[in-house]
Amino acid sequence: MNEFKGQAISWHVVNGAIELALHREPCNEIGSGTLEELETFAGALPELAREAHALIIHSTLKAGFSAGADLRELYEGSQGMEKSEAVRGVREFLRRIHGVMNTLDAAPLTTIAAVHGVTFGGGFELALVCDIIIADRMARFCFPELRLGLIPGFGGIPRLKRDLGNAVVRDLLLTGRSFNVMKAQQIGLVSQIAAEGEALRVARATASQVGKFDRRTAIAAKQFMKPIPYEELKREIEIFCELFSRPAVEEGLRKFVENEGLQPYLP
Amino acid sequence: MPTTDHTLDEVLNLAAAHFKVPREKLTPDDDFFKTLGIDSLQALDLLTRLEHHFRIELPDYELQGVSDFRTLASRIQARL
Numbered sequence: 000m001n002e003f004k005g006q007a008i009s010w011h012v013v014n015g016a017i018e019l020a021l022h023r024e025p026c027n028e029i030g031s032g033t034l035e036e037l038e039t040f041a042g043a044l045p046e047l048a049r050e051a052h053a054l055i056i057h058s059t060l061k062a063g064f065s066a067g068a069d070l071r072e073l074y075e076g077s078q079g080m081e082k083s084e085a086v087r088g089v090r091e092f093l094r095r096i097h098g099v100m101n102t103l104d105a106a107p108l109t110t111i112a113a114v115h116g117v118t119f120g121g122g123f124e125l126a127l128v129c130d131i132i133i134a135d136r137m138a139r140f141c142f143p144e145l146r147l148g149l150i151p152g153f154g155g156i157p158r159l160k161r162d163l164g165n166a167v168v169r170d171l172l173l174t175g176r177s178f179n180v181m182k183a184q185q186i187g188l189v190s191q192i193a194a195e196g197e198a199l200r201v202a203r204a205t206a207s208q209v210g211k212f213d214r215r216t217a218i219a220a221k222q223f224m225k226p227i228p229y230e231e232l233k234r235e236i237e238i239f240c241e242l243f244s245r246p247a248v249e250e251g252l253r254k255f256v257e258n259e260g261l262q263p264y265l266p
Numbered sequence: 000m001p002t003t004d005h006t007l008d009e010v011l012n013l014a015a016a017h018f019k020v021p022r023e024k025l026t027p028d029d030d031f032f033k034t035l036g037i038d039s040l041q042a043l044d045l046l047t048r049l050e051h052h053f054r055i056e057l058p059d060y061e062l063q064g065v066s067d068f069r070t071l072a073s074r075i076q077a078r079l
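Chains A and B supply the protein sequences, listed in that same order.
Heads up, the first sequence stops at 266 in numbering that gives the first Met the number 0, and the numbers go up one at a time, no gaps.
Heads up, the second sequence stops at 79 in numbering that gives the first Met the number 0, and the numbers go up one at a time, no gaps.
Please keep in mind that the hints were generated in silico from the structure rather than gathered at the bench.
Virtual Cβ for every residue (Gly too), placed ideally from N, Cα, C.
One or more of the hints may lead you astray.
Stated by the list, open to error - Every beta carbon over 12 Å from chain B, so not counted as near; a handful from chain A, in silico:
| # | residue |
| --- | --- |
| 1 | 7 |
| 2 | 14 |
| 3 | 20 |
| 4 | 22 |
| 5 | 39 |
| 6 | 45 |
| 7 | 137 |
| 8 | 170 |
| 9 | 191 |
| 10 | 226 |
| 11 | 228 |
| 12 | 230 |
| 13 | 231 |
| 14 | 245 |
Unchecked claim - Okay, derived cross-link-like pairs now, BS3-like style, lysine-lysine, Cα gap no bigger than 27 Å in a straight line:
| # | chain 1 | residue 1 | chain 2 | residue 2 |
| --- | --- | --- | --- | --- |
| 15 | B | 19 | A | 82 |
| 16 | A | 211 | A | 233 |
| 17 | A | 61 | A | 182 |
| 18 | A | 82 | B | 33 |
| 19 | A | 211 | A | 160 |
| 20 | A | 221 | A | 182 |
| 21 | A | 254 | B | 24 |
| 22 | A | 182 | A | 160 |
| 23 | A | 254 | A | 82 |
My request is simple: use the sequences and hints to build the entire structure.
See below:
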């Protein structure tokens with residue numbers, strides 16, 4: 000399946016690069032529908048990788064790359080359920096999304112996240128699985144999970160620890176603050192900054208460049224320098240589920256979902 | 000270092016230019032959400048533009064509850 004047009008994502012192959020577009024309004028919140036389509040993509044990846052050397056993940060929405068997990072679906076889906084049943088549902092969702100993230104992380108391609116605007120929570124975690132993050136000058140990053148009484152659940156902490164110094168990771172997680180692209184480049188998260196609206200173009204140029212080299216060598220280099228922290232990723236699911244079972248989380252989610260204030264994106 | 004008044008003036012100029020509001024319609028004590036007609040995502044956009052303009056890092060938790068240009072400028076001034 001070298002072309003797909005879904006409700007939340009679409010992909011096609013151009014000049015040896017798979018372009019995976021996120022387009023679920025309002026800001027690519029990742030819920031069960033998006034997960035299902037991402038699983039379809041992950042399933043199609045081995046076949047796609049035979050005719051491509053790169054993968055570019057980007058958003059077609061003005062608001063940004065992705066605002067993260069679909070908290071409304073998470074909150075509403077767990078209403079009226081026994082706590083243990085809700086935790087089972089969350090664990091299963093996390094198991095599936097980790098499957099997708101791990102597949103993307105290990106993909107035998109050079110993977111590029113071309114991000115702009117809001118790149119928060121699960122959206123940030125999706126960017127973190129990529130080999131290279133290219134960010135629009137107006138991109139903004141954040142892990143707001145602690146305000147809900149949770150930790151990032153889509154592999155964020157292990158992958159941040161893999162890529163950045165622990166002291167920076169602690170600041171980002173424990174304050175829940177958002178930060179701009181200059182900071183993201185300074186701490187080593189973003190490798191290239193593009194002008195406003197130019198991240199996809201820059202990503203395409205980068206994909207074209209990486210296509211000049213021997214694929215086997217590129218894959219060997221990637222595997223050597225980008226190990227996947229499987230044990231920590233499993234531990235993350237356990238910690239997330241332990242935290243999710245507490246009443247404080249339900250209250251945090253309720254407040255977020257019912258928040259009609261002007262600053263719900265400012266943690 | 001620029002004075003607080005100068006910083007405030009630059010904040011008002013940048014907000015007026017980006018959100019296409021006549022500069023003379025903006026005053027320091029305006030609620031910028033209302034005056035500019037912006038939502039939380041656009042407020043983040045404004046924050047990012049201000050950080051680039053002043054070459055500072057302004058954590059968003061310092062802006063909790065801030066909605067007027069004067070206080071916003073004072074938070075920026077504290078980071079210059």
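Hint check:
No beta-carbon of chain B is positioned within 12 Å of the beta-carbon of residue 7/A; the least distance is around 19 Å. With a cut of 12 Å on Cβ distances, residue 14/A stays outside the contact zone with chain B, its closest approach being about 32 Å. With a cut of 12 Å on Cβ distances, residue 20/A stays outside the contact zone with chain B, its closest approach being about 20 Å. Against the 12 Å criterion, residue 22/A stays outside the reach of chain B, whose nearest CB is about 17 Å from its own CB.
With 12 Å as the threshold on Cβ separation, the claim that residue 39/A sits away from chain B holds: the shortest Cβ distance comes to roughly 29 Å. Interface exclusion of residue 45/A from chain B stands, the closest Cβ pair being 37 Å apart, more than 12 Å. At roughly 5 Å from the closest C-beta of chain B, the C-beta of residue 137/A falls inside 12 Å, breaking its exclusion from the interface. The non-interface label for residue 170/A is inconsistent with chain B: the shortest C-beta to C-beta separation is roughly 9 Å, within 12 Å.
Consistency note on residue 191/A: stated as away from chain B, and its beta-carbon is indeed over 12 Å from all of that chain's, at 17 Å minimum. Every CB of chain B is more than 12 Å from the CB of residue 226/A (nearest about 31 Å), matching its label as outside the interface. For residue 228/A, the shortest C-beta to C-beta distance to chain B comes to about 28 Å, beyond the 12 Å cut-off, and the non-interface label holds. Every CB of chain B lies more than 12 Å from the CB of residue 230/A, the least distance being 32 Å, so the non-interface label holds.
Distance check on residue 231/A: its Cβ is at least 27 Å (rounded) from any Cβ of chain B, clearing the 12 Å threshold; non-interface status holds. Every CB of chain B is more than 12 Å from the CB of residue 245/A (nearest about 23 Å), matching its label as outside the interface. The suggested pairing of residue 19/B with residue 82/A is violated, with an alpha-carbon distance near 49 Å, which exceeds 27 Å. For a cut-off of 27 Å, the pair hint linking residue 211/A to residue 233/A is broken: about 36 Å separates their Cα positions.
Of the supplied pair hints, the one linking residue 61/A and residue 182/A holds, its CA atoms being roughly 22 Å apart against a limit of 27 Å. Under the criterion of a C-alpha separation no larger than 27 Å, the hint pairing residue 82/A with residue 33/B is inconsistent with the structure, at around 41 Å. Distance hint between residue 211/A and residue 160/A is unfulfilled; the C-alpha atoms sit about 31 Å from each other, more than 27 Å. For the proposed pair residue 221/A and residue 182/A, the alpha carbon gap of about 25 Å is at most 27 Å, so the pair holds.
Taken as a hint, the residue 254/A and residue 24/B pair is broken in the structure, with Cα atoms around 35 Å apart against an allowance of 27 Å. For the suggested pair residue 182/A and residue 160/A, the alpha carbons sit about 17 Å apart, so the restraint of at most 27 Å is met. The straight-line distance between the Cα atoms of residue 254/A and residue 82/A is roughly 18 Å, inside the 27 Å bound, and the hint therefore holds.
The structure fails hints 7, 8, 15, 16, 18, 19, 21 (numbered hints given earlier, in ascending order).
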